[in-house]
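Number of protein chains: 2
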Amino acid sequence: MQIRVQTFTVNKRVPLTISRGTTAQSTNVWLILEHDGIEGWGEASPFEAGRTPQTTAAIAQALQYLAPKLIDLTPYDRQPIDVIMADLKLPSAARTALDLALHDWLGKRLDLPLWQLWGLDRRRIVPTSVTIGINTPDAAQQRLRSWIEFTTVRAVKIKLGSPEGLDADQAMCAAVLKDVPDGAKVSVDANGGWDLAGAIAMSHWLGDRGVTYLEQPLAPGNEQDLLPLYRESPLPIFIDESCFNSFNIPALADRVHGINIKLMKSGGLSEALRMVHTAQAHGLQLMFGCYSDSILANTAAAHLAPFAHHIDLDSHLNLLDDPFTGATMQDGCLVPTDLPGLGVGLTPVASLRGR
Amino acid sequence: MQIRVQTFTVNKRVPLTISRGTTAQSTNVWLILEHDGIEGWGEASPFEAGRTPQTTAAIAQALQYLAPKLIDLTPYDRQPIDVIMADLKLPSAARTALDLALHDWLGKRLDLPLWQLWGLDRRRIVPTSVTIGINTPDAAQQRLRSWIEFTTVRAVKIKLGSPEGLDADQAMCAAVLKDVPDGAKVSVDANGGWDLAGAIAMSHWLGDRGVTYLEQPLAPGNEQDLLPLYRESPLPIFIDESCFNSFNIPALADRVHGINIKLMKSGGLSEALRMVHTAQAHGLQLMFGCYSDSILANTAAAHLAPFAHHIDLDSHLNLLDDPFTGATMQDGCLVPTDLPGLGVGLTPVASLRGR
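Quick note, the sequences are listed as chains E and Y, same order. Residue numbering for the first sequence follows the numbering used here, starting at 1 and increasing by one per position. Residue numbering for the second sequence follows the numbering used here, starting at 1 and increasing by one per position.
Bear in mind the hints are in silico, worked out from the structure with no lab data behind them. Honestly, I wouldn't trust all of these hints.
Copies of the same chain look alike in the list, so a pair counts if it fits in one copy or across any two.
What the hints assert, rightly or not - Think about it this way: if two alpha-carbon atoms lie no more than 25 Å apart in a straight line, the pair counts; the simulated SDA-like pairs of lysine to any residue are:
| hint | residue 1 | residue 2 |
| --- | --- | --- |
| 1 | K69 | Q116 |
| 2 | K108 | L273 |
| 3 | K108 | G37 |
| 4 | K185 | G258 |
| 5 | K108 | Q79 |
| 6 | K185 | V126 |
| 7 | K89 | D121 |
| 8 | K69 | R122 |
| 9 | K89 | H309 |
| 10 | K108 | S270 |
| 11 | K108 | T74 |
| 12 | K108 | I38 |
| 13 | K12 | D331 |
| 14 | K185 | D167 |
| 15 | K89 | W118 |
| 16 | K12 | P127 |
| 17 | K185 | S146 |
| 18 | K89 | Q2 |
| 19 | K12 | T23 |
| 20 | K178 | H204 |
| 21 | K12 | G332 |
| 22 | K89 | G283 |
Taking the hints into account, I'd like the entire structure generated from these sequences.
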């Protein structure tokens, strides 16, 4: 098989601020696999959740280094490919780009969408949340209003963990809660911006206001503090940055209620499925989330969405210039189509270099 | 989809005695699924490892009860089918029969063998052990000799846990060890026939004699005693009857080195794969085993065999009248073929009723 990669830059409609900083655009990696006359596509988006930031350059370089080692293999040789990727210690997002392309290729080769190949039921997909970044109360309220104008909002994720402290968090959250549509589910993601005492206090404050769950309240590395929080919190606790893959789950299963699976952390759909199985064996809840992914990677995650209790796959909805098409929004839910593989294409006006 | 079931009886070349008793024949269930002009086949074999024995009659009855509930579904509707099976609380072996047929159907529909659909590498399959049942030292030695005449023996599993005690176990084991072919791996399965003190003593005795691993030394229900055994044993400890499915793994992961996955316990290939993923996340080793399965179910397990450190899929080799064909023995390894689905057929002389 042959693979080639090219980068592309996507710009956000509204810059997004979380506890770690603000992003207005992202330069992602597009991987095109070709074998036997069929193309499979994958994507990697850079992110900073781990110890080593996974930059666009590092991801693209890793894939360039990998490409010649795959030439004598076919997309069916998944076990040998995984051995090669493990030996090279590729960044997880680089593995994701290839994994998505391998799955897309297989589904196209078999003329089946992945959700159907896996026997999943699209009617089980719950609404995706739309994300409200850290901002002033007025601006956050305005952001929710513009989301509501833009799409059907049945779930809202509020980013807290403001550098300005818990008072700022509460003021912004209270402002957003006023305008949440009736029946919509609200969750909070602190992106590790709180300490234990703050997280416990906020869990009660948020629980009193009907918030559904609380994501990554403590910074990665503070997993020992999850135990007392787990005991005290009236809200289910989900972890994101504290859990990259299935191997991280057993040690966390006694101190969280659920896991936020992201393809860029896991290394792709194969490992995401291993995380689903491991988390289920531990009785944990599941959600799927994203970084600055285009609709390509979010569509890939949507194929596994029937497993999830919560979905947060809205990054592509906040892009001005997504070059791809894929899963469609249906009454607030991101639903993969009947097209084979991932079901991803190029937007009519996409001007990606080399296409 | 339509399913129909029929029972068939297979007779052992040599009756097999384990700590719980002797079997000379088994009446198994053959499930035929039909949809869209394609047949998928599955098998259930009765077994007694759990609290409630899963009898042939109970399995067949459960499947008869299930059949009409599947009529409006297709083999792609795996998630809804699993919900129906869970709601009905079907015996695991009944679920296995349907799961195998669903996988066989899918592979035939896609014109791919399952190992290839899953991207697995058949060259990773390790030799299957051949089983020496509890017997006199002379008879056990003779059994090994007849195995060696019958097939290439690269791994031997010795059944211990004799009702006559540890001296009888040691005498029989010592006799068999004398005739094990050079380079062949030897393992011991006590089928829960020992207490903690006996298991610790035997782990040292067997370790001194080069045995590779020790399976289910203690009876199910005695899992608390696995902790001291785990600390004391020089041999890796595998569990079988103590672990049916992925949900059983987390509580055992701190006290065993590996899991024996059997399709009849798990409920099929789907749950076996969930067990593989959960066990891998816990850093556990894996093996695949069988009950009185024909080559149909053993071939299904062989498709997942590239994941396993040890393989014990020899029950069909000890059948006089296996009605099926499937995976073939290649230099001591049970290897699935290039045929689509499970790659299982009827033997030329099979006289199953209704065919």
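| Violations among the numbered hints | none
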